[in-house]
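A.B. asks: One-letter residues, chain by chain:
4 protein chains.
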Amino acid sequence: MKSFLHQFSPVALIAGALVLPARAQQPAAQPAAVSPEQARAKAIDDLVAANRILADQGVLDGYGHVSIRVPGDPKHFLLARSVAPELVTAADILEHDLEGNAAAPPGTTLFGERFIHAAVYAARPDVQAVVHNHAPSLIPFGVTGVPLRPLYHMSAFLGSGVPVFDIRAAGGDTDMLVKTLPLGQALAKTLGANNVALMRGHGAVVVAPDMPRAVFRSVYAELNARLQAQAMQLSSKVTYLDPEEAKKAQATMEATVGRPWELWRRKVQGK
Amino acid sequence: MKSFLHQFSPVALIAGALVLPARAQQPAAQPAAVSPEQARAKAIDDLVAANRILADQGVLDGYGHVSIRVPGDPKHFLLARSVAPELVTAADILEHDLEGNAAAPPGTTLFGERFIHAAVYAARPDVQAVVHNHAPSLIPFGVTGVPLRPLYHMSAFLGSGVPVFDIRAAGGDTDMLVKTLPLGQALAKTLGANNVALMRGHGAVVVAPDMPRAVFRSVYAELNARLQAQAMQLSSKVTYLDPEEAKKAQATMEATVGRPWELWRRKVQGK
Amino acid sequence: MKSFLHQFSPVALIAGALVLPARAQQPAAQPAAVSPEQARAKAIDDLVAANRILADQGVLDGYGHVSIRVPGDPKHFLLARSVAPELVTAADILEHDLEGNAAAPPGTTLFGERFIHAAVYAARPDVQAVVHNHAPSLIPFGVTGVPLRPLYHMSAFLGSGVPVFDIRAAGGDTDMLVKTLPLGQALAKTLGANNVALMRGHGAVVVAPDMPRAVFRSVYAELNARLQAQAMQLSSKVTYLDPEEAKKAQATMEATVGRPWELWRRKVQGK
Amino acid sequence: MKSFLHQFSPVALIAGALVLPARAQQPAAQPAAVSPEQARAKAIDDLVAANRILADQGVLDGYGHVSIRVPGDPKHFLLARSVAPELVTAADILEHDLEGNAAAPPGTTLFGERFIHAAVYAARPDVQAVVHNHAPSLIPFGVTGVPLRPLYHMSAFLGSGVPVFDIRAAGGDTDMLVKTLPLGQALAKTLGANNVALMRGHGAVVVAPDMPRAVFRSVYAELNARLQAQAMQLSSKVTYLDPEEAKKAQATMEATVGRPWELWRRKVQGK
Chain A
161 MKSFLHQFSP VALIAGALVL PARAQQPAAQ PAAVSPEQAR AKAIDDLVAA
211 NRILADQGVL DGYGHVSIRV PGDPKHFLLA RSVAPELVTA ADILEHDLEG
261 NAAAPPGTTL FGERFIHAAV YAARPDVQAV VHNHAPSLIP FGVTGVPLRP
311 LYHMSAFLGS GVPVFDIRAA GGDTDMLVKT LPLGQALAKT LGANNVALMR
361 GHGAVVVAPD MPRAVFRSVY AELNARLQAQ AMQLSSKVTY LDPEEAKKAQ
411 ATMEATVGRP WELWRRKVQG K
Chain B
161 MKSFLHQFSP VALIAGALVL PARAQQPAAQ PAAVSPEQAR AKAIDDLVAA
211 NRILADQGVL DGYGHVSIRV PGDPKHFLLA RSVAPELVTA ADILEHDLEG
261 NAAAPPGTTL FGERFIHAAV YAARPDVQAV VHNHAPSLIP FGVTGVPLRP
311 LYHMSAFLGS GVPVFDIRAA GGDTDMLVKT LPLGQALAKT LGANNVALMR
361 GHGAVVVAPD MPRAVFRSVY AELNARLQAQ AMQLSSKVTY LDPEEAKKAQ
411 ATMEATVGRP WELWRRKVQG K
Chain C
161 MKSFLHQFSP VALIAGALVL PARAQQPAAQ PAAVSPEQAR AKAIDDLVAA
211 NRILADQGVL DGYGHVSIRV PGDPKHFLLA RSVAPELVTA ADILEHDLEG
261 NAAAPPGTTL FGERFIHAAV YAARPDVQAV VHNHAPSLIP FGVTGVPLRP
311 LYHMSAFLGS GVPVFDIRAA GGDTDMLVKT LPLGQALAKT LGANNVALMR
361 GHGAVVVAPD MPRAVFRSVY AELNARLQAQ AMQLSSKVTY LDPEEAKKAQ
411 ATMEATVGRP WELWRRKVQG K
Chain D
161 MKSFLHQFSP VALIAGALVL PARAQQPAAQ PAAVSPEQAR AKAIDDLVAA
211 NRILADQGVL DGYGHVSIRV PGDPKHFLLA RSVAPELVTA ADILEHDLEG
261 NAAAPPGTTL FGERFIHAAV YAARPDVQAV VHNHAPSLIP FGVTGVPLRP
311 LYHMSAFLGS GVPVFDIRAA GGDTDMLVKT LPLGQALAKT LGANNVALMR
361 GHGAVVVAPD MPRAVFRSVY AELNARLQAQ AMQLSSKVTY LDPEEAKKAQ
411 ATMEATVGRP WELWRRKVQG K
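Residue numbers (my numbering), protein chains in the order written: chain A, 161 to 431; chain B, 161 to 431; chain C, 161 to 431; chain D, 161 to 431.
These are computed hints drawn from the structure, not numbers from a lab. Take the hints with a grain of salt, since some may be wrong.
Same chains, same label: a pair holds when it works inside one copy or across any pair of copies.
[To be verified] Simulated pairs of lysine to aspartate or glutamate, DMTMM-like, Cα-Cα distance not exceeding 25 Å:
id, residue 1, residue 2
1, Lys339, Glu414
2, Lys407, Asp333
3, Lys202, Asp257
4, Lys431, Asp216
5, Lys408, Glu422
6, Lys407, Asp326
7, Lys427, Asp216
8, Lys349, Glu422
9, Lys349, Asp326
10, Lys235, Asp205
11, Lys427, Glu246
12, Lys339, Glu404
13, Lys235, Asp257
14, Lys235, Glu422
I would like the entire structure built from these sequences, with the hints used as guidance.
C.D. replies: What follows is the structure, given as structure tokens:
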């Protein structure tokens, strides 16, 4: 077969540079030999893109938020000030500490639920990205206690279990928001070592070792919920992935996260 | 942290001016030190935007209408003449009184159901904005009598109850339209002090102290209905917000209405 | 109130000319004092628009077709040659007679199911426009025999009943297509004096006295089916419009068909 | 009736050339008197279009893939390297053999599941195009064993049956991917002589004698699944096409595949 490189138009070559290297198929690793400023700039760039991707994919609407731990500085994370995800720009990103504090000019409103992110980063050294969403198909599972389970290989990361956090246990009658550090810690405790926890009467928190996987897990948790509800309507006998299948499928599929990540990034370019 | 203001591009600064001040997070208050003409112009602008937002969000289609009380003049409200919501412009807005009369050039068709708005404004001095919609997911609740209840914090405003108006009680066999003042008064009586009333075999009326919250409540009532139906299919045991949670969550969430309002306004700019 | 005319920008004035006159609120009547050529040109224009509107509204996809009786010539109707609705242009429109014949250049493929239209126009002198669609939400009703009934005022035109045509009765084991005049006559017989008939394992035929109402009925039959299925899942006790409500609501709502018609036409301009 | 040819604008004439000839109504046959290079170029062009069409139609997302047998060379097929379907360009297409090998520059990642295509082409000399998808509505059928059956004429090609491949039978606890030739052969064996096979906890494989029909079958299998689930919720008594109806309807409908194929191609032009 002829070398295909010379068939690339200039546009395709630029596109090809995004997909060609085998490492595009692996989860985005920490770049080697990149300065802290470059790593930080990439983290901010991924964070802004993630906000727009999740809005574009129907996981976030005017509400919800995404964060990323500061590369090389585990005690801080990046999260926008209080603004709709689709409107987030690099200029909106603020550095927070693990108690939810952020230095910001007067008049800036921080997210009331920054404590979700703070507490998860403190409890989970393996987590580098966090999404808090009100993804629609997840809500019915959170208010019925029907266990969300992996229906297919794309949502295998649900295999370890999806606990449900009920804020009433930790806070009695509240406004449902995780707006203090103790409430965040209660949520993180419920989440445990899992990838997703539902929040009764509220939404979900999704965690991952990097931003592409945090976005991937948010998208496919929502889709799994929608399809699981359909399956349960069709029949009382639904076959889920068994634990071994879930473990293997998660490893395989998450190694390919570069494929949808590039597609999703392109869809929101210019938005 | 560096002042982030100087990182704003001119475009971002203009956008930032919309989201930066803390007061953007509160429900739109009556502007201080603004002339009556400016207040009226803002009300018309919000009204035109609300029409387009609700069409964009799938709450309105070719039918339905939105109104706002004239700032500083409780005996009048602004409502378009009879035209599809997406096509409403400032030039279509007419001032109506609380009996549904409006001065308009010959040949102008008023909305047959302007009496919904007239009667609600007369009965509810606290209400400054009214939406009448045929939002799809609400229709099944109105024709089955299954109570619409707040599934999550976003629809906490449903917590006081969602009465169902059946026009047959007030008008016998009708064409289903609230096209007289007595029928509007019967609807307002059913609505009582609540935020939403369903209209059997027709749609719903949604009321609020300002336009952003009237739009917010319309969007999230529709979404709650959709998700509640899904939850009820999943399980016979659904946990709703309890009354205290609903009260607190409504207060908290509605204080953030500026966040989605700005997003929704931007989505319909240029449409 | 000031005259609002002078507030119209030129664009709004042009738009206003479409919505301002009260007669826009009535079903499109036969134009008075218009030449046969003008009437025919308008019929073709409405027909092309209807094709695109119904595709835009999700009622038609690559399949389905729309026709209109030739103004002033009840023995002929206009229907495109075999092409996807979204691609129909004036140049594709062919004049057919009531036996399904059409003069066309060699190599032109006519719609195999033109006999649906031919037979309906022959059987129903009151009908001036016909839609044949595979609207998704209607299919489940056609294959289960669950009666489609008017859930709300928008679909009151279903109130006379929605018969189901099963082609097996007329044609034994067929390919499901009404591709002969006898089969079309069997379908027209099942339709009777109603506005909609479902076709088991196929789709539906929708008829009306003019094109705007044929489109309106197609859109709202599909939506009614979707919402009726939702209502039936919510509860075994669903309240439909009673016969008197349906009669009155149909008259009232169909008098307003100009409102959505103008909106729908604008949405497909330039497509 | 006047000859309509002269009414064609130049644009319409070019469009007309795509739809006018009767042969556009038949499945795309092998072009007569076309060189091997032209046939190959057309195959690649159809393959790139099919990828984009299936993404546009919601059958594929960031995952899934499409292939076509090399015209005149039954031992080879064309399949892209590992990239999201929407991003596939001609430059991404690689020639594979029936064991899943492909010559490619270093660093190119092939699809792990190319063995689906390889094994199907080896087992099915009648098949010229293959789609592997995770179409959402199909997933619940694959995990419940509820038989997918043709609800209407559009999905008559399901009439021969839709087997379900459970990879556990062939491979025990796997990551769910058909990533070896033996697994591909097991899938092909389950598929047998049918047009569609579901893959438990994964998705589906769809096969056809040409690309337009492979796309058609993918789109309508997904839609049939969605509507069949709705029908089964409405009633326990659902009427499907009987075997004779299915056979006849499949022949008739698939002869018209040129109609939606041209529409779908136009929708993705420029994307």
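A.B. asks: Classify it for me, Lys235 with Asp257: is the Cα-Cα distance of at most 25 Å met within a copy, between copies, both or neither?
C.D. replies: Within. Shortest intra-copy distance 6 Å satisfies the 25 Å Cα cut-off; inter-copy 52 Å does not.
A.B. asks: Which holds for Lys408 with Glu422 at a C-alpha limit of 25 Å: within a copy, between copies, both or neither?
C.D. replies: within (23 Å within a copy, 41 Å between copies)
A.B. asks: Between copies, within a copy, both or neither: which fits Lys431 and Asp216 at Cα up to 25 Å?
C.D. replies: both (10 Å within a copy, 17 Å between copies)
A.B. asks: Between copies, within a copy, both or neither: which fits Lys427 and Glu246 at Cα up to 25 Å?
C.D. replies: Both: 13 Å inside a copy, 10 Å across copies.
A.B. asks: For Lys427 and Asp216, with the copy left unspecified, which applies at a CA distance of at most 25 Å: within, between, both, or neither?
C.D. replies: Classified as both; 8 Å inside a copy, 13 Å across copies.
A.B. asks: Should Lys407 paired with Asp326 be assigned to within, between, both, or neither, using CA atoms and 25 Å as the limit?
C.D. replies: between (27 Å within a copy, 17 Å between copies)
A.B. asks: Give the relationship of Lys235 and Glu422 under a CA distance limit of 25 Å: within one copy only, between copies only, both, or neither.
C.D. replies: Intra 29 Å, inter 32 Å, cutoff 25 Å: neither.
A.B. asks: At most 25 Å between C-alpha atoms: does Lys202 with Asp257 qualify within a copy, between copies, both, or neither?
C.D. replies: This pair counts as within: shortest intra-copy Cα distance 19 Å, inter-copy 40 Å.
A.B. asks: With identical chains, the pair Lys349 and Glu422 could be close in the same copy or across copies; at 25 Å between alpha carbons, which is it: within, between, both, or neither?
C.D. replies: Neither way: Lys349 and Glu422 sit 33 Å apart in one copy and 35 Å across, limit 25 Å.
A.B. asks: Could you figure out if Lys339 and Glu404 sit no more than 25 Å apart (CA to CA) within one copy, between two copies, both or neither?
C.D. replies: Close across copies (17 Å), not inside one copy (37 Å); limit 25 Å.
A.B. asks: Tell me, please, which holds for Lys339 and Glu414 at an alpha-carbon limit of 25 Å: within, between, both or neither?
C.D. replies: Only across copies: Lys339 and Glu414 sit 16 Å apart there, 32 Å inside one copy, limit 25 Å.
A.B. asks: Cα distance capped at 25 Å. Does Lys407 pair with Asp333 within a copy, between copies, both, or neither?
C.D. replies: Close across copies (10 Å), not inside one copy (38 Å); limit 25 Å.
Violated hints, listed in ascending order, are 8, 14; each of the other numbered hints is respected by the structure.
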